[in-house]
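J.: First to last, the sequence lines map onto chains A and B. Quick note: the working numbering has the first sequence finishing at residue 175, numbered continuously throughout. Quick note: the working numbering has the second sequence finishing at residue 175, numbered continuously throughout.
Since the hints were made in silico from the structure, they are not lab data. Treat each hint with caution, since some may be false.
[As the list claims (entries may be wrong)] Label-pair distances were calculated between CB atoms; the ranges are: (1) B:Q107 - A:Q77: 46 to 54 Å; (2) A:G84 - B:A165: 18 to 26 Å; (3) B:E20 - A:D149: 16 to 24 Å.
[Claimed, not checked] The calculated EDC-like cross-link candidates involving lysine to aspartate or glutamate, where the alpha carbons are at most 20 Å apart (straight line), are: (4) A:K85 - B:D54; (5) A:K58 - A:D157; (6) A:K85 - B:E21; (7) A:K85 - B:E105.
The model shown is predicted, which means the values in this text are computed figures rather than measured ones. Ideal Cβ placement from N, Cα and C applies to all residues, glycine included.
Protein chains: 2
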Amino acid sequence: MVGRLLPLDPIEEARRQWDQRWPGGATMAAATSIMRAQQIVQASVDEALKPYGLTFARYEALVLLAFSQRGSLPMGKMGERLMIHPTSVTNIVDRLEGQGFVRRRPHERDRRTTLVEITDAGREVMDEATGAVVACRFGLDFLSEAQLDQLTSLIRAVRVGSGEVPA
Amino acid sequence: MVGRLLPLDPIEEARRQWDQRWPGGATMAAATSIMRAQQIVQASVDEALKPYGLTFARYEALVLLAFSQRGSLPMGKMGERLMIHPTSVTNIVDRLEGQGFVRRRPHERDRRTTLVEITDAGREVMDEATGAVVACRFGLDFLSEAQLDQLTSLIRAVRVGSGEVPA
DNA sequence: ACATGATACTTGGACTTCCGACTATCTGTC
DNA sequence: GACAGATAGTCGGAAGTCCAAGTATCATGT
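Whole structure, please, built from the sequences with the hints as guidance.
T.: Written as structure tokens, this is what we have:
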């Protein structure tokens, strides 16, 4: 019986033990699954982006800027859209600016705000990197279109619950 | 935390723009959703664990040790089960040891191996902390039992695809 | 016996993230 | 007009992650 020698799913194993002591084993299993899924997606995309000197976070920032109407956004707006902390925006923009993919510009009316503008080099690397990201399929190659939408929809319920997005 | 109410769902907005240029918008939306879900779970659990001086990562390590037969495991085995880098295990055990929740012990046969053993204080704080974690429901309060299982099952397909777990 | 390679853990460094505190600037109210 | 409070961004520090390299120990083959 070689098949029986294969290791068990560690998450199912943890759930089995959890259920013997505490309530909410299904919740624990789902939470652990989400943590693990994030690692898989992150590793897959970071691997695809490595040749371009980008991380997932910096790549997302470039895509956001490229999508924006004027090719520039205030730092705070970026953090809002990317759902990251203001200090993380500072860090990301520092590095992208060092790589020549974005530049900081002063806002004409409000001297508190700093606009971040994508450069031609930034658009170029973003275009090339996107090919690699699409090719790696975000590490989600084994899900069908329907399963992808199901996953997105389930997580939207979580995000609605957290108050992040309206129902 | 970054949680704020936004006028539109930024993920749906990004998907709309993505679909105008590149293939795989559903994959991008699912990947982004997973990244965001992880942040929500992490923030929720870290918040619940703060009064006990624990992070999610350290809490998971304590639970793993408490679940183990002898209450102790080699460092490498911990990293394997928790799916984290060996240096992260060193870091986590350093801090847990500093808090008095675990202790390092030499392996009797293999002097390369370091066993990590949970202490009485470790079991105690783990028990109390688990109450808080169960109460916060891992930030997944708005999902039904069926939805939780659906989520776990979908992500299991991802994990199978990544080769982490057998079909 | 002993050389070679594998294994177990640690160290130092780079990177990312968050929090708290800080400066600079704008806005609304009296 | 002035001032209290809100807002925008940055800095320093803590925590966590990974990688590359290093030390110590074990296992294997001749």
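J.: Hinted pair, alpha-carbon criterion (20 Å max): K85 (chain A), D54 (chain B). Please report holds or violated.
T.: 26 Å, violated
J.: Within 20 Å, alpha carbon to alpha carbon, are K85 (chain A) and E21 (chain B)?
T.: 14 Å, holds
J.: A range of 16 to 24 Å was offered for this pair. Does it hold for the Cβ distance of E20 (chain B) and D149 (chain A)?
T.: About 23 Å separates the Cβ atoms of E20 (chain B) and D149 (chain A), which means 16 to 24 Å holds.
J.: Using the beta carbons of G84 (chain A) and A165 (chain B), state whether their distance is inside 18 to 26 Å or not.
T.: The hinted range 18 to 26 Å is violated for G84 (chain A) and A165 (chain B), with Cβ atoms some 38 Å apart.
J.: Regarding the pair K58 (chain A) and D157 (chain A), is the alpha-carbon distance no greater than 20 Å?
T.: 28 Å, violated
J.: Is the straight-line distance between the alpha-carbon of K85 (chain A) and that of E105 (chain B) 20 Å or less?
T.: Roughly 42 Å separates the two Cα atoms, so the pair is violated.
J.: Indicate whether the distance between the beta carbons of Q107 (chain B) and Q77 (chain A) respects the range 46 to 54 Å.
T.: Holds, at about 51 Å.
When the structure is compared with the earlier hints, violations turn up for hints 2, 4, 5 and 7 and for no others.
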